[in-house]
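If you're matching them up, the sequences are chains A, B and C in order.
Residue numbers are given in our numbering: position 76 of the first sequence equals residue 76, and the series is strictly consecutive.
Residue numbers are given in our numbering: position 60 of the second sequence equals residue 60, and the series is strictly consecutive.
Residue numbers are given in our numbering: position 15 of the third sequence equals residue 15, and the series is strictly consecutive.
Source of the hints: derived by calculation from the structure; they are not laboratory data.
Nothing here was measured: the structure is a model prediction, and the numbers come from that model.
Note that beta-carbon positions come from the ideal geometry of N, C-alpha and C, so glycine has one too.
It cannot be assumed that every hint is accurate.
Here are the computed lysine-lysine pairs in the BS3-like style, where the Cα-Cα straight-line distance is at most 30 Å [what the hints assert, rightly or not]: (1) Lys78(C) - Lys195(A); (2) Lys25(B) - Lys189(B); (3) Lys78(C) - Lys145(C); (4) Lys19(B) - Lys39(B); (5) Lys60(C) - Lys195(A); (6) Lys195(A) - Lys82(C).
A few chain A residues that face chain C, going by a derived Cβ cut-off under 7 Å, partial list only [as the list claims (entries may be wrong)]: (7) Gly50; (8) Leu105; (9) Arg109; (10) Trp202.
Sample of chain A residues lacking proximity to chain C, with all beta carbon distances greater than 10 Å (derived) [said to hold, decoys possible]: (11) Cys21; (12) Gly22; (13) Ala92; (14) Ala116; (15) Val150; (16) Ile151; (17) Ser189; (18) Thr221; (19) Pro224; (20) Ser226; (21) Ala253.
Read off the chains here:
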Amino acid sequence: MTPAGKPRNALAGGIAQIGACGLFLLSILAAVPASLRHIRETVRQVWFVGAMSLTIIMTCGLFVGMVLGLQLYYVLSIFGGTAALGTVVSLALYRELGPVVTALLFAGRAGTSITAEIGLMRATDQLSAMEMMAVDPLAYVVTPRFLAGVIAMPLLACVFNALGIFGAHLVGVAWLGLDNGTFWSNMTSSVDVWKDVINGLWKSVAFGAVITLIATFQGYTTPPTSEGVAYATTRTVVFSSIVVLALDFVMTAFLM
Amino acid sequence: MPDLTPADDSTLIRIRGLKTVLNGKTIFDGVDLDIPRGKVTAVMGPSGTGKTTLMRHITGQLAPDAGSVVVDGRDVPRLSRGDLFRLREKIGYLFQNSALLTDFSVFENVAFPLRQHLRLPEELIRNIVLTKLQAVGLRGAAELMPSELSGGMARRVALARAIVRDPMLVIYDEPFVGLDPIALNQVVKLIRMLNDTLGLTGILVAHEFSAVKRVADQVYLIAAGKIAAHGTPAELAADTSPWTRQFFGGEADGPVPFHYPARDYALDLGFPEARA
Amino acid sequence: MSQKHSYQFGTGLFILLGFAALAWLATQTTSIANYRQGDSYTLNARFSNVGQLKLGAPVKIAGVRIGSVRTIEVDPAKLDAKVQLSIATRYAELPDDSAAAIFTSGLLGDQYVAIQPGGSPDALKDGDEFVLTQSSVQLEDLIGKFLAAGGPEKPAEPATPAATPTP
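Next up, chain A with everything else stripped away, as it sits in the complex (with noise of 0.2 Å):
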């Protein structure tokens, strides 16, 4: 935590914080055992980071699904091929805009707030008191965030791919006058199980578990002061976006 002053600090520096992070992902997953004494505050936490991310998701990804439907339905309709739209639109959920959009939007939504309530915690010595009362603090306050990441992530990509395909249907028979079978029947005949639909969600899980790593080493770390909290949570949305974004490339690339 040290401040790197200059540029060759900076490299070091940044190396450092990756092999902090790694080492911190080891003593998140060693905390998995005796964190789950405290189950019911992992199921506190799916409630924290999942549900109350759900109205954000839902808006979301009903949007993401009529854009989509509007736009493919244009470009498909120069080769007179709206009949593959719902195809067209599923596959680009599944696939891709589903995990990325959902973990994006979960960075902003849930992300800032673990690194926030965490930075406080330490801000406001609760941490300290934990461990005193011989708790650790992070089998009781990361590994149950970290675990509630992991699993609310697919189950909210779930319903953002479910709201997506109901937005672009919305635009796409109901406005645009398309065939609601042909609407259907097509995506059906091309949209694989394993393929498309849990292959994205292999991808919200990778995902949820780096976001949530993320916000809970940044605001694990961050010094004491209402400045540090602040700038940890900017951080953890720089980072988490840029780790989703190429982790999403490498995972396409290994998925395929």
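Following the hints, position chains B and C against chain A.
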């Protein structure tokens, strides 16, 4: 040899030859200290002398560079994490800023150590928690959230939480800071009462000599990395060494200099000839 | 306590909603939807060319789905494609002179089997075969026929550019 003297029946904590260097700054340089059982010991000293650091040594949050810290017969720096946690279960710690868990109500905050370590029926937890809250006079506030409490109330809730498992040792880290005189008197009374009725050993880190006088059985004055004075409050008040005089007399200058180390004043002002 | 129950309940609802969304996506929007059906009976159809017809592709009457393609295999004796269609039992009253054809939904869409009902009073039974079939229309064949016929009737113009495609 005296380094590893186990704590005997009358001494709960025995610190010998403690040396600590943090960020290149020597905090402790050969501190010897005994905390007797069943008494309230105050640790006083100017800001920045490492009183909180001393508490972190006692609770094993920080390992010293040299010396031994023996708490209840156990050498704290050599304990495994599991043993350390078992030791901490017997220590109550009252934080300077109370450190209540903001997510939980007052009741759940006090119940937290019980729920984490013991499988007790809900009814029993309720009785224990309400008893402790009654002791600090806040039974009626059980359902409030920490954000709804005043500073003094939060301090008392934190005190109830610190004693909820009937620890052998309670550490009060600056419990009087930021309290109005009424709240301060309440906390003073509580600490004394807990010591008298439950026979708890207490370590009190504080600056307010007037309050310490009413609570503590003995006082350690730490300054410049060493024990500067040691005795009962009455003895220290009568002491005439420069440290005690400055600290308890409130004089601005003395062994703790008023001026931060600096270059020659005249030189800084640009009068080099003044030195000649 | 009531506070605790409310978030546990909410979390439960959230998880159920997520899994419901997953179940819906997996069963209603993917090829699984094509395998899922209740009681069904089997009809056979022979095509000289099945084109891009896939397993699980829909079987439709008047655009409404009534079943799906179960198997596609080559008959070693007749050297044509034998396609097994699995039809929902509630559509058991198909006249035995109905015709099966492979159509494409839209220009870019997937292929499906369309059944054009005949007028016979007798119905097809389990394991029966369609007498009349129409194979998949191949785009190449279509273009070939179009060129052979000399293009559309009106102007001779459009045929000329089409006849000299860039290699």
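Tested hints:
| no. | hint | verdict |
| --- | --- | --- |
| 1 | Lys78(C) - Lys195(A) | 36 Å, violated |
| 2 | Lys25(B) - Lys189(B) | 37 Å, violated |
| 3 | Lys78(C) - Lys145(C) | 26 Å, holds |
| 4 | Lys19(B) - Lys39(B) | 25 Å, holds |
| 5 | Lys60(C) - Lys195(A) | 26 Å, holds |
| 6 | Lys195(A) - Lys82(C) | 28 Å, holds |
| 7 | Gly50 | 5 Å, holds |
| 8 | Leu105 | 15 Å, violated |
| 9 | Arg109 | 14 Å, violated |
| 10 | Trp202 | 13 Å, violated |
| 11 | Cys21 | 28 Å, holds |
| 12 | Gly22 | 29 Å, holds |
| 13 | Ala92 | 13 Å, holds |
| 14 | Ala116 | 19 Å, holds |
| 15 | Val150 | 13 Å, holds |
| 16 | Ile151 | 8 Å, violated |
| 17 | Ser189 | 4 Å, violated |
| 18 | Thr221 | 28 Å, holds |
| 19 | Pro224 | 28 Å, holds |
| 20 | Ser226 | 28 Å, holds |
| 21 | Ala253 | 23 Å, holds |
In terms of the numbered hints stated before, the structure departs from hints 1, 2, 8, 9, 10, 16 and 17, listed from lowest to highest.
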